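Please build the complex by placing chain B on the supplied structure of chain A, with the hints as guidance.
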Amino acid sequence: MSEPLVVMTDVNKHFGDLHVLKDINLSVGRGEVVILIGPSGSGKSTLCRTINRLETFETGSITIDGKELPMEGKELAALRADVGMVFQSFNLFAHKTILENVTLGPIKVRGMKKAEAEKRALELLERVGVAHQAEKYPAQLSGGQQQRVAIARSLAMDPKVMLFDEPTSALDPEMINEVLDVMVELAKSGMTMIVVTHEMGFARKAANRVVFLSDGQVVEEGTPEEFFTNPRSDRAKDFLGKILTH
Amino acid sequence: MGDILSNYDILGAFWVTIQLSVLSAVGALVLGTVLAVFRVSPVGVLRFLGSFYVNTVRNTPLTLLMLFSILGITYILQIPFSQEASRNAYWWAVVMLAVYHAAFVCEALRSGVNTIPAGQAEAARSIGLTFGQSLREVLLPQAFRGAVAPLGSTLIALIKNTTVAAVILGTAESAGLLAQITENEGASLPTFFIFALGFVILTLPLGVGITSVSRRLAVKR
Numbered sequence: 001m002s003e004p005l006v007v008m009t010d011v012n013k014h015f016g017d018l019h020v021l022k023d024i025n026l027s028v029g030r031g032e033v034v035i036l037i038g039p040s041g042s043g044k045s046t047l048c049r050t051i052n053r054l055e056t057f058e059t060g061s062i063t064i065d066g067k068e069l070p071m072e073g074k075e076l077a078a079l080r081a082d083v084g085m086v087f088q089s090f091n092l093f094a095h096k097t098i099l100e101n102v103t104l105g106p107i108k109v110r111g112m113k114k115a116e117a118e119k120r121a122l123e124l125l126e127r128v129g130v131a132h133q134a135e136k137y138p139a140q141l142s143g144g145q146q147q148r149v150a151i152a153r154s155l156a157m158d159p160k161v162m163l164f165d166e167p168t169s170a171l172d173p174e175m176i177n178e179v180l181d182v183m184v185e186l187a188k189s190g191m192t193m194i195v196v197t198h199e200m201g202f203a204r205k206a207a208n209r210v211v212f213l214s215d216g217q218v219v220e221e222g223t224p225e226e227f228f229t230n231p232r233s234d235r236a237k238d239f240l241g242k243i244l245t246h
Numbered sequence: 001m002g003d004i005l006s007n008y009d010i011l012g013a014f015w016v017t018i019q020l021s022v023l024s025a026v027g028a029l030v031l032g033t034v035l036a037v038f039r040v041s042p043v044g045v046l047r048f049l050g051s052f053y054v055n056t057v058r059n060t061p062l063t064l065l066m067l068f069s070i071l072g073i074t075y076i077l078q079i080p081f082s083q084e085a086s087r088n089a090y091w092w093a094v095v096m097l098a099v100y101h102a103a104f105v106c107e108a109l110r111s112g113v114n115t116i117p118a119g120q121a122e123a124a125r126s127i128g129l130t131f132g133q134s135l136r137e138v139l140l141p142q143a144f145r146g147a148v149a150p151l152g153s154t155l156i157a158l159i160k161n162t163t164v165a166a167v168i169l170g171t172a173e174s175a176g177l178l179a180q181i182t183e184n185e186g187a188s189l190p191t192f193f194i195f196a197l198g199f200v201i202l203t204l205p206l207g208v209g210i211t212s213v214s215r216r217l218a219v220k221r
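If you read the sequences in order, they're chains A and B.
By this note's numbering, the letter at position 108 of the first sequence is numbered 108, and the numbering carries on one by one without gaps.
By this note's numbering, the letter at position 134 of the second sequence is numbered 134, and the numbering carries on one by one without gaps.
One chain only, chain A, in its complex shape (with noise of 0.2 Å):
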């Protein structure tokens, strides 16, 4: 592996009594495409959103690029502007349009002008495909769209690494295949993700390993190959038997 960029030792969290994240170590190296699987409930979301303290963690740490997460902040503000995210609802400003919700982070986090931001975030809207809609309001733009602009969104802060929680599931099936191929793309491209997906044809084509969670805990994890083909543990097998079968 590559050098460590994401590193996670000993993390727990509890939502009350709910114990969700159980010692969770995890380290993601520079490049590396990683897959968060695992049933409903098993933490994976929660694990991908305290990555940038989108979700507070009571022990444990998580270091990004060597440095520790601070706690909260305007340190935390400029960890984050290195930490892209994609949300499985899209989340984009409802009220500015597509070229605004990727220009604002870069003018606001980044201090760049408004005409240079422009410029680069008319690139990246023509790198996944949405250039043509950039005066438009998200609502106006189909789910599939939407996630491609989120997806230029957060590559316009040039992020060290990028989170998808689950970025196809709210998605129509017909949509689905225009986010992967931003997604593998970006793969190819060198960029370090953590993708929450089930999405087996994403994890076969860009990814380098995956990750399977259950109950809290990391069960079992190997190369994309490995795993669908031969998982080891046996809620591995309960998990890929459930959603293989049909």
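In short, the hints are calculated from the structure, not lab data.
Some hints could be false.
Pair by pair, the computed Cβ-Cβ distance ranges are [claimed, not checked]:
no., chain 1, residue 1, chain 2, residue 2, range
1, B, SER41, A, SER61, 20 to 30 Å
2, B, SER41, A, ASP82, 55 to 65 Å
3, B, LEU206, A, GLY41, 48 to 58 Å
4, B, THR115, A, ALA170, 18 to 28 Å
Among chain B residues calculated to face chain A with C-beta under 8 Å, some are [claimed, not checked]:
no., residue
5, SER126
6, VAL138
7, PRO141
Per the computed footprint, the stretches of chain A lying under chain B, defined by three or more beta-carbons under 8 Å from a beta-carbon of chain B, are [claimed, not checked]:
no., region
8, 80-86
9, 102-115
10, 152-164
As the structure is a prediction and not an experimental result, all values here were calculated from the model.
Cβ coordinates follow ideal geometry from the N, Cα and C atoms, glycine included.
Same frame as chain A, now just chain B:
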């Protein structure tokens, strides 16, 4: 009838009503926004202060606030705006109207904030915006758009509530003048209608305008 129009400065009184409305509306909007930010802030003390203010002020009769500003603050605490009684009462009326309606503005805005899906704030934070930037760029603009209708209702209520200022302003504003005319000339329906019409002219177009603005600005999701 003509006597009343020529002997009393009805337009002047409505002009004072308009001044009170505009000045206190601006004050209420500013103070109410600050309070709304308090009420949605992650800091517990600020949230407490915000809700304490709203619950106290909203549940105090405006008449009481008006009287308190003169009898309590000016006379007992000796904090006048001006040595001249009418100026003092004028500015205290503006302040009390602003203070009172800020509580309603705050709640209107907070209801606007509640129309925003949680994901908007998460997305704002995840691109590295600070709490203040998230509020300014993402949350408040959407909250204002979602709150146009309730803010409009508050503004209309404020315009009509300026009449309460008569208890300290005397005959300078419209309700005070109406009372004086009634006292001097006897009660007459036309007099009432003139004043009622004045308020309809002030509030009705505003209501129509607000409805159209709130439709136009509504955030489509």
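Results of checking the hints against the structure:
no. : hint                              : result
1   : SER41(B) - SER61(A): 20 to 30 Å   : 28 Å, holds
2   : SER41(B) - ASP82(A): 55 to 65 Å   : 26 Å, violated
3   : LEU206(B) - GLY41(A): 48 to 58 Å  : 51 Å, holds
4   : THR115(B) - ALA170(A): 18 to 28 Å : 20 Å, holds
5   : SER126                            : 4 Å, holds
6   : VAL138                            : 6 Å, holds
7   : PRO141                            : 5 Å, holds
8   : 80-86                             : holds (count 6)
9   : 102-115                           : holds (count 4)
10  : 152-164                           : holds (count 3)
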